[in-house]
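A.B. asks: Sequence:
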Amino acid sequence: MRETGKGESIDIAMYEVMLRMGQYFMMDYFNGGEMCPRMTKGKDPYYAGCGLYKCADGYIVMELVGITQIAECFKDIGLAHLLGTPEIPEGTQLIHRIECPYGPLVEEKLDAWLAAHTIAEVKERFAELNIACAKVLTVPELESNPQYVARESIILSGKRWMVAPAKGRISCRNSKITPDKSGAECPHMAWTRLPF
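Residue numbers (my numbering): 1 to 196.
These aren't lab readings, by the way, just hints derived from the structure by calculation. Wrong hints could be hidden among the right ones.
[Unchecked claim] The calculated lysine-lysine pairs, modelled on DSS-like cross-linking and capped at a C-alpha distance of 30 Å, are:
| hint | residue 1 | residue 2 |
| --- | --- | --- |
| 1 | Lys135 | Lys43 |
| 2 | Lys75 | Lys123 |
| 3 | Lys135 | Lys54 |
| 4 | Lys54 | Lys123 |
| 5 | Lys43 | Lys75 |
| 6 | Lys135 | Lys123 |
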C-alpha cells in the first residue's frame with residue numbers, strides 16, 4: 001500500500017479528523033460569510049502554560065515544558081524571582097495550575113505577556129527557548145494555506161444540494177476529508193463520503 005497507493009484500507013489521519021470536526025463552522029463561513037465566535041477554553045486542566053492562548057493578533061497553542069524553558073519564560077513574564085523557591089524548586093519542568101500556589105499567577109502573567117505580543121513575535125521568542133507553539137489558523141486562512149491547498153481540502157461540491165425549499169438548489173463549498181478514490185479498481189473499493 002505504501003509504495004503503490006493501492007490497497008483495501010484508507011488511513012484517515014488526525015488532519016482529516018480535525019478537518020471533519022470543524023466542518024460545520026467552515027460551511028457557514030464558506031457559504032455565507034458567517035463566522036462563529038472562537039472558543040477560548042482550550043487550556044490544560046492541570047498545567048500552566050499548556051493549551052490555547054490569545055496573542056495580540058490571534059491565537060496560539062503552546063506547551064511550556066522543560067527546566068530551561070520555564071526559567072527563561074519566567075524571566076520574560078517577570079516571575080524569575082519565584083524560581084528556586086519551595087513552591088517552584090530548581091529543576092521544575094512543569095507548573096501545576098492547582099497544586100502550585102503560583103499556578104494562577106503564572107497563567108495571569110503569561111496571558112498578559114502573550115496579549116502584548118504578536119503571534120510572529122511569540123513564535124520567534126519561543127523558537128529561541130525551544131517552547132513548542134503553533135499559530136491557530138482561522139477559517140479564512142485555510143483556503144490559502146499550503147497544506148490545505150496541496151490536499152485540496154476545501155472544495156466546491158459537484159453535486160447540487162437542497163438547502164431549503166424556499167431557496168432552491170445551490171452548490172456548496174465544504175471540506176473534503178476523504179482521499180480521492182475515483183481511480184479505484186473495483187467499485188466496492190471506492191469510499192464516497194456522506195453529504196453531511
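A.B. asks: Each hint: holds or not?
C.D. replies: Hint check:
1. Lys135 <-> Lys43: 15 Å, holds
2. Lys75 <-> Lys123: Holds, at roughly 17 Å.
3. Lys135 <-> Lys54: Between Lys135 and Lys54 the Cα gap is close to 10 Å, so the pair holds against 30 Å.
4. Lys54 <-> Lys123: With Cα atoms ~13 Å apart, Lys54 and Lys123 stay inside 30 Å; holds.
5. Lys43 <-> Lys75: 22 Å, holds
6. Lys135 <-> Lys123: 8 Å, holds
When held up to the earlier numbered hints, the structure conflicts with none and fits them all.
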